[in-house]
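Visitor: Residue numbering for the sequence shown is 1 to 802, as defined by full-length UniProt numbering.
Since the hints were derived computationally from the structure, they do not count as laboratory data. Owing to the predicted nature of the structure, the values given are computational and were not obtained by experimental measurement. Some hints could be false.
As the list claims (entries may be wrong) - Straight-line alpha carbon distances no greater than 30 Å define the calculated DSSO-like cross-link-like pairs of lysine-lysine that follow:
#, residue 1, residue 2
1, Lys-695, Lys-710
2, Lys-25, Lys-104
3, Lys-552, Lys-647
4, Lys-494, Lys-369
5, Lys-735, Lys-671
6, Lys-671, Lys-745
7, Lys-456, Lys-552
8, Lys-706, Lys-695
9, Lys-576, Lys-647
10, Lys-369, Lys-549
11, Lys-707, Lys-647
12, Lys-612, Lys-745
13, Lys-706, Lys-647
Said to hold, decoys possible - Derived Cβ-Cβ restraints for the label pairs, each shown as a range:
#, residue 1, residue 2, range
14, Trp-531, Gly-363, 19 to 27 Å
15, Asn-110, Leu-644, 51 to 59 Å
16, Glu-463, Glu-60, 52 to 60 Å
Built from N, CA and C at the ideal position, the CB exists for glycine as well.
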Amino acid sequence: MEFVLLIFLPIVAAIFIPFLFRKMKGIHTGWFVLSIPVLLFIYYATFIPTTMDGGHAISELQWIPSMGISFVSYLDGLSLLFTLLITGIGSLVVLYSIFYLDKKKEKLGNFYVYLLLFMSAMLGVVQSDNVISLYLFWELTSISSFLLIGYWYTRDGSRFGALKSMMITVFGGLMMLGGFTLLGIMGDTFSIRELIANSDVLFNHEFFTLSLILILLGAFTKSAQFPFYIWLPDAMEAPTPVSAYLHSATMVKAGIYLVARFTPIYAASELWIWLVTGIGLLTLFWGSFFAVKQVDLKAILAFSTVSQLGLIMSLLGAGAITFHSDEQIFTFAMFAAIFHLINHATFKGSLFMIAGIVDHETGTRDIRKLGGLMSIMPISFTVAFIGSMSMAGLPPFNGFLSKEMFLQSMLAIGQFNLFNFDTWGFLFPVIAWIASVFTFIYSFYFVFRTFAGKKKAESLPNEPHEAPFGMLLSPVILAVLVITIFFIPNLVGKWLVKPAVMAAQPYAFEHPSEVAIHVSAWHGFASAELWMTIGVIVAGTLLYLSLSKWQKYYSIQPDYLSLNAFYDATMTFGEKGMNRLSRSYMTGLIRSYLLYIFAFISIMMIVVLFMKDAFAVDFSSFSKVSMYAALNGVILLLAVIFVLLSKTRLGAIISLGAVGYSVALFFVIFKAPDLALTQLVIETVSVALFMLAFKHLPALSDHGEKKQTKLVNAIVALGVGVTVTLMALSTHSQKFVESISQYYKDTVHTEAGGGNIVNVILVDYRGFDTLFEIAVLSIAGIGVLGMIKLRLARKEKLDEDK
């Protein structure tokens, strides 16, 4: 079996969810859904031996081969790592949701359909080797996350958060598509592997820098980097299982994956290194600084996620320096980025689940109303403590290891002597240290303000108690992993991290067996990162103990000077401005819309014809006009004029009929009896229908149009006639390819088995076109029938009320 099809397995399973939801009355739908990520995780884990030494597996499903677009599942160390995170964390999240979401109160059918849709989309993003299919899955993550964030659609906050996340991430996705398109033009391929192989050619292309910026816009918006992070805190309106899955382990990591995957192409660029490292560090500091301001548990975790994503992003930028330096430390930085990616998924996933448990059991997430829950919820406190200490970067938890590697990497950047890093690089470890201090503070703030201190039972909506075992199981598993990874980091590094680093830095490893990155918790007293950590602990502890004295200064910043206020103002201005603009031309009159359309088409076509020197008339190819044709043309012209100038409905109908019959005569003159017969039948029926409805037709009127309006209409009408005439003459006079009519003549009998060439063209050669025309007419007919029945039903109701 082609394993590329497994990407679509969750979507296929989602099709059956609505039916199972109705049938499985006594069983939670989540038990069926749980089998999907579990089976996928087990299957994909079998690829670990393949990727450990730099190998890969590939599976392809053709989509549009003529354009080089296909679904290609490419499993190397990097994509396999993300795949295991998506399916592994996904399994724990589904297990958690079974106990968190009430099957009687919640619309579980909708929830699990959206969740499985998102899972497929994420698998497609991390496994796609084709940039076009990657973009397709990328936008599918935006749509499915919109549905998940807005799951509680009756809440204003959920709807606002869902729309905000989609607006920002879809904007980034469109920018990214532009970058992918430029890459396809530059490399003449949509395959990421082939683009990486030709990276030296791409670097010298004029579109290189523009494509770099566009792709980073896509990555930064999805991974909540500054200034696009504002969608993530509002997305916390989603149910906690969604937050634990999308906003800690998967969706927000899509941008991280994109940067890691395209680092081999863009690492040669100074701009790439500065943007990725600089924006990452700024995001780290910004998120950690404002996390301390928050009073909602999930808001604290949202800003902490922003800061942690910035940390990983800055390490990816530092890792790209390996392209310019053979120093092991920069390979170490990429290793740290991937390692912290795993660590963050474990401790942040558990913390989100604990935040949900606290909300579920106490009825609030407001940290000002919480406290003293340690004795009431001991297991939840233990998990929260483990996760928070790992996030703070303290031993013996996995976050300590990757945080030390992060500090070591930032110190190394300050000593790098290319791209002006030797001038400005000293700021990197300084900013990293300050951000680490605030990370320490918000980690302690989250766990101790919630579980320690005085009990505030009177301020809680519900009587607090420990969560049931099923709800605790998933966060406990993640907490165990947090501690376990600390003691076996090199085993994780060998199986998962090292293969991913080799995929992100292929230029750094000529021989995979020679790669030797050893992770240890102790580097001796001489290591600078150790003293930086000690400084973080001392400063962080002092600032945390005095938090009540300086936290109030956050209120100095007015709300209207925030990025959120800028977003709201932009959306409001756009909405009002677009409404004002649309009202200026949306008159509700069809003739006005036709006027815009015809005027635009006429002007554009005439301008293009003459700008491109496309207009030319070759009278030698014209056939002679017979006396009958000329006379019929005069009759047709007169009939049209009579239609326009007629003062009575009867005169207009007769003149319109004359126009139709004149066209039928042209078909007769040009020896097309079948078309003439069709035209005669249609025209006769049309005239008959007009006469039948004669009594109900409105009186002829100019609708109060001014002379200026009539003049504009006349000019546009004349312009359309001139445009069509010029195009017809030019097209007939310039035939760059042989006419297809001869092909029809040669094959109408042998290939189509028909005698009437026109009928065969309509039924066989243009069969799909005719089919779609029939479908459109059928839909229109159904719509008309629906409106008639609706009107009749409304009339009957009014009669009954009377």
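Visitor: Decide, hint by hint, whether the structure agrees.
Guide: How the hints compare with the structure:
1. Lys-695 to Lys-710: 27 Å, holds
2. Lys-25 to Lys-104: Status holds; Cα separation ~9 Å.
3. Lys-552 to Lys-647: Distance ~79 Å between Lys-552 and Lys-647 Cα, so the pair is violated.
4. Lys-494 to Lys-369: 45 Å, violated
5. Lys-735 to Lys-671: 24 Å, holds
6. Lys-671 to Lys-745: OK: Lys-671 and Lys-745 at ~16 Å, within 30 Å.
7. Lys-456 to Lys-552: Answer holds: Lys-456 to Lys-552 is near 22 Å, not above 30 Å.
8. Lys-706 to Lys-695: Status holds; Cα separation ~28 Å.
9. Lys-576 to Lys-647: Violated, because 44 Å separates the two Cα atoms, which is more than 30 Å.
10. Lys-369 to Lys-549: Cα-Cα ~19 Å, so holds.
11. Lys-707 to Lys-647: 17 Å, holds
12. Lys-612 to Lys-745: The given pair, whose Cα atoms are some 34 Å apart, is violated under the 30 Å limit.
13. Lys-706 to Lys-647: OK: Lys-706 and Lys-647 at ~17 Å, within 30 Å.
14. Trp-531 to Gly-363: 19 to 27 Å: Because 44 Å falls outside the window, the suggested range is violated.
15. Asn-110 to Leu-644: 51 to 59 Å: Once the Cβ atoms are compared, 56 Å apart, the range 51 to 59 Å for Leu-644 and Asn-110 holds.
16. Glu-463 to Glu-60: 52 to 60 Å: Cβ of Glu-463 to Cβ of Glu-60: about 57 Å, so the range 52 to 60 Å holds.
Violated hints for the displayed structure, listed by number in ascending order: 3, 4, 9, 12 and 14.
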